[in-house]
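Chemist: The chain contents come next:
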Amino acid sequence: MTGPEVGSDAALYRQHAGELVRFAAMLVGDDAEDVVASAFARCMSTDRWSGVENRRAYLFQAVTNEARTFQRSAARRQAREQRVTVDGVVEIGVPQPEVWEAVESLSIRQRAVVYLTYWHDMSDVMVAELLGIGAGSVRRHLARAREKLREVLHD
Amino acid sequence: MTDPMRDQIRSLIATIVEDAADPIPFEDVQAMTPTQAPGPRIAVAAAVVVIAVIGITALMLGGGSTDTDTVTGPDLSDPTPTTVTSLAPDSAEPADGDEPSESVEPDESASLVDGAILLPDGFHPGDAAEADNRLMLVRAERRPHEPGTPPQEDGVVMAIDQTDGDVVWVAELSDGPSLLEISDERVFVAHYWTGGVTALDLSSGDVLWTAVPQLPFEIGDGPDGRKFIPNDIEAGFDSLWMATARGAVARIDATNGQIIDVFAITEQLQPDGVPVYVGDIAISDRHVWAAGETSGLFRIDPESGEIDQLTSDQRRLGHNASSVVAVGADVLVGGGDPADASGVVSLVDGSGFEPVASTAFEDFATVVETHDRPAVWTGGVLRPIDPVALDVGEPFDAFFDDDRWLAPSDGSWILSIVDRLLIPIPHETDADAVRIEMSDFNVTLTYPNGWYLADSSLTPNLSSPTEIFSLASFPLRPGGPNCAQIPSRALHDMDASDVFVTLQERNSGADPSGYEPRPDNFGPTPESTENVIYDCLEPEERGDVGAIHWIRFTDQDRYFYVLVALGRDADHQEVSAIWDSLDRMVILPRE
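Quick mapping for you: the protein sequence lines, in order, are chains A and B.
Start counting at 1 in the first sequence, then tack on 1195, and there's your number in our numbering.
Start counting at 1 in the second sequence, then tack on 923, and there's your number in our numbering.
Mixed in with the good hints, there may be bad ones.
To be verified - Straight-line C-alpha distance at most 20 Å; calculated SDA-like pairs for lysine to any residue:
no.	chain 1	residue 1	chain 2	residue 2
1	A	1343	B	938
2	A	1343	B	929
3	A	1343	B	1491
4	A	1343	B	930
5	A	1343	A	1296
6	A	1343	A	1324
7	A	1343	B	926
8	A	1343	A	1299
9	A	1343	B	928
10	A	1343	B	933
11	A	1343	A	1300
12	A	1343	A	1295
13	A	1343	B	937
14	A	1343	A	1297
15	A	1343	B	931
16	A	1343	B	927
Claimed, not checked - Residues on chain B that point at chain A, a partial pick, calculated with CB under 7 Å:
no.	residue
17	943
18	944
19	1357
20	1406
As the list claims (entries may be wrong) - Covered stretches of chain A, going by a simulated chain B footprint (3 or more residues, C-beta under 8 Å):
no.	region
21	1203 to 1210
22	1225 to 1232
23	1310 to 1316
24	1337 to 1346
The set of hints was computed from the structure by calculation and includes no laboratory data.
The C-beta atom is built at its ideal place from N, Cα and C for all residues, glycine as well.
Taking the hints into account, I'd like the entire structure generated from these sequences.
Modeler: Structure, rendered in structure tokens:
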């Protein structure tokens, strides 16, 4: 198994880091550059990396996964600090800038689908290919996200 | 078509991305390892996560971890876009016998998107069941209550027509309706707060009766006045069977809700003195099964009332048996150890009451029923599982999302509790496979439809080893002039595009050192080609054989030879199929 090709990785990072950070900003806000860096570091450390054909799509998926991991870790930290109520409902949340009121209503995957659809004008098939999910899943995520955003944006 | 929200959403995104920081320099990234990845510098910019635990604790335990990489799988939906349709209830009506609840919105509506059902806003279902093309969903909602008094939960059971998504009826119930079971044209609803049961008419939603079983001993006086918490309800043997969270299984008369019997599994305590927790029930051909969490698996004989226990520390049963699914007379048991994030699914023989096979997972495993096969819920994804081989298939879908709790219903749908999303589970696509159980040999074989399985031994002069089966892509003839162990006539009949396999078992006297453990995946190895076999075939008998692989392996303390012959021009699909047939082969111990 050959190791990571450092030279090409550097070029790849310089080529895509900007768009990945903007993408990650939609997912995790101010921690975007950390999430992208972490995702890229993980990619380079895996044996599979050298065999990945569509590295851009792989990076987008890696950033999405990293964002989900990041969110889960943060949610767990807060969950431990909160009491589980009798009916088992745990609410985790911190005050966020006003713009996050809308984004907070979306899951990570929904944020990703919304960003790629509305900011990059990608079709559901293109989004599906980039995120490694089915086109039907993209449409469902988008429908759910639009429903949530409609509620928040119209309040 | 103009999207009226487009500008608003783009404006929102612009606000976010314009503030995005510059990327970290590559040199810093290069210096990082995964364990050195930077932690968050600020508190999470996460969504408010609401984890709703709605009475089905067993499912929650099994589905509790969604730590998984991106899951890619087959897209279930029709590739053509569909129109989102608003589905206002056209005949929603309150059920008789219950006061209408303020929490029920008369204009609740569902939507269909690519075959999935998006439930009305705020409708977080606790359980689902289906019959006669109708999908039943239950939701409970807590009411404000006086301090010091038991909380009150009202709820609804909603019936949705699966063919068009219409809401057929809505029944409003009190006392925390939380679990559903459908049997004999009735919908049985278990109540979280009282342990009571309500029977509804399947066609109309009318309340037929409501009963609160009075258990003969203190098994579940929980906090806030709960009598006991039903964890599962199943119908079988002309009764309802309800699992409680504190160690009992109640048998209830399905005609009036009265208790017939209580099986006091609670007498068996966990090491810390807490009664056994009953998480799930299954009804097999002859028994009622209860998953007793850390205390293992319980089998109840409905005729005699006898209870047997299989403890978790016994071979091949997971540390924590939390789910159980009947497969004929047998059961699949799901569990694992949440502490170290390991999971296991075991196949337990219903007669011998013994685990006969198991398979491990990297995350806690929950087994569930779907409409045409069992499935395992592990690592945040739901996959079909072969009830004999315990092989898992591709995930049903790739929609699984973040920390949203997901719970599959016992039917055609995957149920996302928090996301209010129901995804259809496709019917089994492996319709072209043939499964043959060779009970004389305790071997089950699955192979492509259209192939030929020899109906008699191709090696009639062979006494030891014994031929178990011969399978090929061409018609098979027995015998041959040389070498009793080699089906030389069949090999002679091969065309260049054909494939062939035969399995033989050494009956006795095998030298274990000559047999490798059964491989995870059969395939050619440098050692598997044995030229001596060609000595059994005259040149004119070799037909179009391109390669022969001769593999010795041991499984279940049994010793086998397998011969795989590949035609010179056999295509990749045929070659893969022959190896796959061996991979899917199930070998059980000799009786």
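Chemist: Tell me the numbers of any earlier hints that the structure contravenes, in ascending order.
Modeler: 3, 6, 19 and 20
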